[in-house]
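Given these sequences and hints, build the entire structure.
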Amino acid sequence: MNTTSNMSVGFVAEQFDDFQQQRGAAQFGMWIFLATEVLFFGGLFLAYTVFRSLYPGDFVAASHHTVVAIGGINTAILLFSSTLMALAVRAAELRNQKQLIRLLVGTAFFGIIFMILKGVEYYKDWNDHLVPVLNFEWHQPNPGHAQIFFWLYFAMTGLHAIHVTVGICIMLVFAVIARTGKFTSGHFTPIEIAGLYWHFVDIVWIFLFPLLYLAGHR
Amino acid sequence: MISATEIDIQTGGEFARPNYLSEHSVRSWLLTTDHKRIGILYLFTILFFFAIASVAAALMRIELLYPTGGLMTSETYNKLFTIHGTLMVWFFLIPSIPAVLGNFVLPMMLGARDVAFPKLNLTSWYLFVLGGAFATWSLIRGGVDTGWTFYTPYSTTYANSHVISMAAGVFVAGFATIITGINFIVTTHKMRAPGLTWFRLPLFVWSLYATSLMMVLATPVLAMTLGLISLERIWGVGIFDPNLGGDPILFQHMFWFYSHPAVYIMILPGMGVVSELIACFSRKRVYGYGWVACASMAIAILGFLVWGHHMFVSSQSVYAGMIFSALSFLVAVPSGVKVFNWTATLRKGSIHFATPMLYALGFIGLFVIGGLTGLFLATLSVDVHVHDTYFIIAHFHYIMVGGMVTGFMGGLHYWWPKITGRLYPELWGKLAALATFLGFNLTFFPLFVLGYLGQPRRYHVYPPEFQVFHVLSTAGASILGVGYVMPLIYFIWSAKHGRVAGPNPWRATGLEWQTSSPPPTHNFKVTPVVTSDPYNYSPEKDADLDLASI
Chain F
97 MNTTSNMSVG FVAEQFDDFQ QQRGAAQFGM WIFLATEVLF FGGLFLAYTV FRSLYPGDFV
157 AASHHTVVAI GGINTAILLF SSTLMALAVR AAELRNQKQL IRLLVGTAFF GIIFMILKGV
217 EYYKDWNDHL VPVLNFEWHQ PNPGHAQIFF WLYFAMTGLH AIHVTVGICI MLVFAVIART
277 GKFTSGHFTP IEIAGLYWHF VDIVWIFLFP LLYLAGHR
Chain R
12 MISATEIDIQ TGGEFARPNY LSEHSVRSWL LTTDHKRIGI LYLFTILFFF AIASVAAALM
72 RIELLYPTGG LMTSETYNKL FTIHGTLMVW FFLIPSIPAV LGNFVLPMML GARDVAFPKL
132 NLTSWYLFVL GGAFATWSLI RGGVDTGWTF YTPYSTTYAN SHVISMAAGV FVAGFATIIT
192 GINFIVTTHK MRAPGLTWFR LPLFVWSLYA TSLMMVLATP VLAMTLGLIS LERIWGVGIF
252 DPNLGGDPIL FQHMFWFYSH PAVYIMILPG MGVVSELIAC FSRKRVYGYG WVACASMAIA
312 ILGFLVWGHH MFVSSQSVYA GMIFSALSFL VAVPSGVKVF NWTATLRKGS IHFATPMLYA
372 LGFIGLFVIG GLTGLFLATL SVDVHVHDTY FIIAHFHYIM VGGMVTGFMG GLHYWWPKIT
432 GRLYPELWGK LAALATFLGF NLTFFPLFVL GYLGQPRRYH VYPPEFQVFH VLSTAGASIL
492 GVGYVMPLIY FIWSAKHGRV AGPNPWRATG LEWQTSSPPP THNFKVTPVV TSDPYNYSPE
552 KDADLDLASI
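Here the protein sequences come in this chain order: F and R. Residue numbers are given in the working numbering: position 43 of the first sequence equals residue 139, and the series is strictly consecutive. Residue numbers are given in the working numbering: position 101 of the second sequence equals residue 112, and the series is strictly consecutive.
Read the hints as simulated data drawn from the structure, not as lab findings. Heads up, the beta-carbon is just placed ideally off N, CA and C, and yes, glycines get one too. Do not rely on the hints blindly, as some may be mistaken.
With a straight-line cut-off of 16 angstroms between C-alpha atoms, the simulated EDC-like cross-links for lysine to aspartate or glutamate are [as the list claims (entries may be wrong)]:
no.	chain 1	residue 1	chain 2	residue 2
1	R	K441	R	D553
2	R	K359	R	D553
3	F	K214	F	E233
4	F	K278	F	E189
5	R	K130	F	E110
6	R	K359	R	E551
7	R	K536	F	E217
8	F	K278	F	E288
9	R	K536	F	E110
To give an idea of the interface, some chain R residues facing chain F are shown, with a C-beta separation under 7 angstroms as derived from the structure [unchecked claim]:
no.	residue
10	R124
11	K201
12	G256
This is the structure:
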């Protein structure tokens with residue numbers, strides 16, 4: 097989009113000179129925020145790495161109890177929703193309001209499917225007595241180590257689920273706002289940076305899936 | 012020189028109106044998105060926490076007058092040093108220069124109308140207040156006794172105090188810091204005035220930029236670490252508890268991965284302020300400008316690679332210790348560059364001993380002592396001897412109080428005419444600068460001796476032969492206290508009764524001095540255009556200038 101001058105009035109905030117400056121600032125700010133998110137998740141990834149290297153056998157045994165089918169399907173679902181998100185950004189840039197709304201709702205829909213499947217999986221984990229402290233039962237050696245695995249499993253997927261939920265809310269709110277035509281009159285920056293966020297949430301899962309699910313299913 | 016076309020310059024002696032302070036309603040303050048007002052909101056908030064933390068310090072110093080420590084129980088003493096540490100670090104020092112002075116002058120130094128994300132900037136202050144409320148709640152409920160470092164497994168398993176609410180407070184305040192960091196980085200990248208290239212930026216901007224990088228990349232790790240501590244207290248899975256297969260050293264790695272960069276967050280902004288002050292009050296361009304700018308970046312980058320020097324006696328691998336020791340020595344290089352270049356700037360300068368300059372010179376002296384003793388501590392074998400003693404306490408107070416707080420006070424005096432449009436009383440300013448310098452040295456120099464002789468930190472009972480050093484230190488703390496209360500009084504007085512400053516009382520370069528004092532809401536009527544390098548002072552031309560008796 098290189099038609100800046102004629103559309104730089106209404107939605108350029110007063111601290112910015114023009115649309116391009118505002119867009120560049122918003123994108124750059126989002127990238128830095130995502131860098132902080134990487135470091136935030138990084139603490140848990142570090143803990144996982146340390147304990148997996150300390151207790152490799154116990155982690156493999158514990159990972160064997162995760163539901164790899166649900167994890168795999170959820171991976172596909174998130175990747176597909178990211179595709180829809182990318183198309184939504186394009187729709188906003190092309191000022192196609194109808195398509196934008198549909199794609200935002202679609203992205204949110206698959207996010208919700210992901211959450212439902214995750215919920216089913218948590219329910220199954222509860223029934224299998226895999227929830228640390230609350231109902232944990234382990235009949236193989238070193239239950240403490242397996243409990244650390246499952247604690248990390250819940251902490252990492254739980255934190256990820258919080259991020260997915262935030263993303264779903266953003267998509268739905270933006271879908272409602274998109275009905276006013278706000279994003280399809282040149283002001284597509286919010287859709288772009290929401291897209292960045294959604295892709296980040298997707299990428300985190302791409303790392304979580306092999307670490308938590310595939311470690312025990314070689 | 013910087014040529015700004017048609018900037019709203021008021022002739023000296025005139026008080027510019029309307030300005031950013033013109034609106035008086037509470038609502039106009041609580042809903043403001045003006046970076047200058049947010050800086051002032053931060054100023055009042057951090058002063059509140061500074062006051063509480065100072066009272067805690069004063070009580071400790073009184074307690075330490077006697078070797079038998081009869082005034083309070085050990086538990087109370089533990090809580091006092093924890094209050095002092097947590098509040099001073101997270102609710103005073105980290106936001107001090109960045110969120111107050113940085114917020115106020117950074118956009119003006121860049122020739123911008125505001126930061127990139129003004130609403131987020133206000134959100135940052137609200138998060139900070141919310142975090143402060145959690146911390147205050149923790150104090151009201153009875154306090155925390157873990158020390159500011161929250162070491163596990165004490166903090167997760169054994170401590171019987173209000174760890175979670177304090178951790179929550181620091182967690183939330185951390186997000187305020189992250190937002191400030193994001194705002195500063197994006198503003199510096201995207202909103203510089205035409206002609207303001209990277210190597211024309213004031214050195215204060217460079218130091219804030221380096222600081223922001225650390226805020227953005229280190230603080231999330233602290234947030235996760237504190238989150239894990241809180242979950243451990245609730246859940247008790249034991250990832251930090253060796254009895255259950257956990258690893259307490261993991262906590263220390265995560266904590267210091269944040270907290271070492273954090274201690275540079277607590278010095279770099281002070282260095283930036285001092286660069287401004289030294290240039291202005293010796294009427295010279297900073298010697299080796301580019302090197303000083305790059306030194307800030309080098310300190311920020313190295314700051315991420317030295318956390319293990321806090322853990323030499325923690326059971327971390329000896330080889331890790333050797334590498335961390337070597338990397339820690341490297342930090343001395345950019346720090347040395349700064350000190351030597353400031354000193355070289357003074358040479359043949361036309362030096363004016365105005366109050367901000369007194370603080371700047373004090374900063375250099377105190378930072379040199381603090382920095383050099385840091386090298387002692389980076390030496391593996393020496394650290395084993397003085398680890399967890401008063402030597403450490405003295406070292407980091409020389410950096411954080413002697414460095415950062417002195418820099419903060421210097422900067423506050425320097426920009427006070429810009430903030431309020433009025434001058435503080437110069438004689439009182441000089442007396443306060445002198446009192447803080449003398450009081451500070453008397454408070455903390457004896458602690459080096461105590462630490463070397465073997466007094467461990469965090470004990471309030473000690474052998475009687477140490478008493479003389481503790482008495483000296485408490486006496487110094489009293490003088491230091493006077494040195495901090497004096498500015499509080501005359502700043503408040505001068506905000507109403509001080510002499511009108513005019514736009515540029517110091518005849519300083521820098522875009523913030525090209526607009527009126529106090530500045531209008533959007534800083535500049537016309538965006539300034541920069542055509543030359545920073546610090547374009549000429550000592551010869553300004554030889555007749557008498558800034559010291561302004």
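Status of the hints after comparison with the structure:
1. With a CA separation close to 22 angstroms, the supplied pair R:K441 and R:D553 exceeds the 16 angstroms bound.
2. Between the alpha carbons of R:K359 and R:D553 the distance comes to roughly 13 angstroms, so the proposed pair stays at or under 16 angstroms and holds.
3. Proposed proximity of F:K214 and F:E233 is contradicted: the alpha carbons are some 21 angstroms apart, above 16 angstroms.
4. Restraint check for F:K278 and F:E189: the C-alpha separation of about 12 angstroms stays at or below 16 angstroms, so the hint holds.
5. Taking the CA atoms of R:K130 and F:E110, the gap is about 12 angstroms. The hint holds against a cut of 16 angstroms.
6. With a C-alpha separation of about 10 angstroms, the suggested pairing of R:K359 with R:E551 holds against the 16 angstroms cut-off.
7. Note on R:K536 and F:E217: the hinted pairing is violated, with a Cα-Cα distance of about 60 angstroms set against a maximum of 16 angstroms.
8. For the proposed pair F:K278 and F:E288, the alpha carbon gap of about 14 angstroms is at most 16 angstroms, so the pair holds.
9. A C-alpha spacing of about 13 angstroms is found between R:K536 and F:E110, which places the hinted pair at or below 16 angstroms, so the restraint holds.
10. Hint on R:R124 holds. Least Cβ distance to chain F is approximately 5 angstroms, under the 7 angstroms limit.
11. Because the closest C-beta pair between R:K201 and chain F is about 4 angstroms apart, less than 7 angstroms, the hint holds.
12. Because the smallest distance between the Cβ of R:G256 and any Cβ of chain F comes to about 4 angstroms, under 7 angstroms, the interface hint for this residue holds.
In this structure, the hints that do not hold are numbers 1, 3, 7, in rising order.
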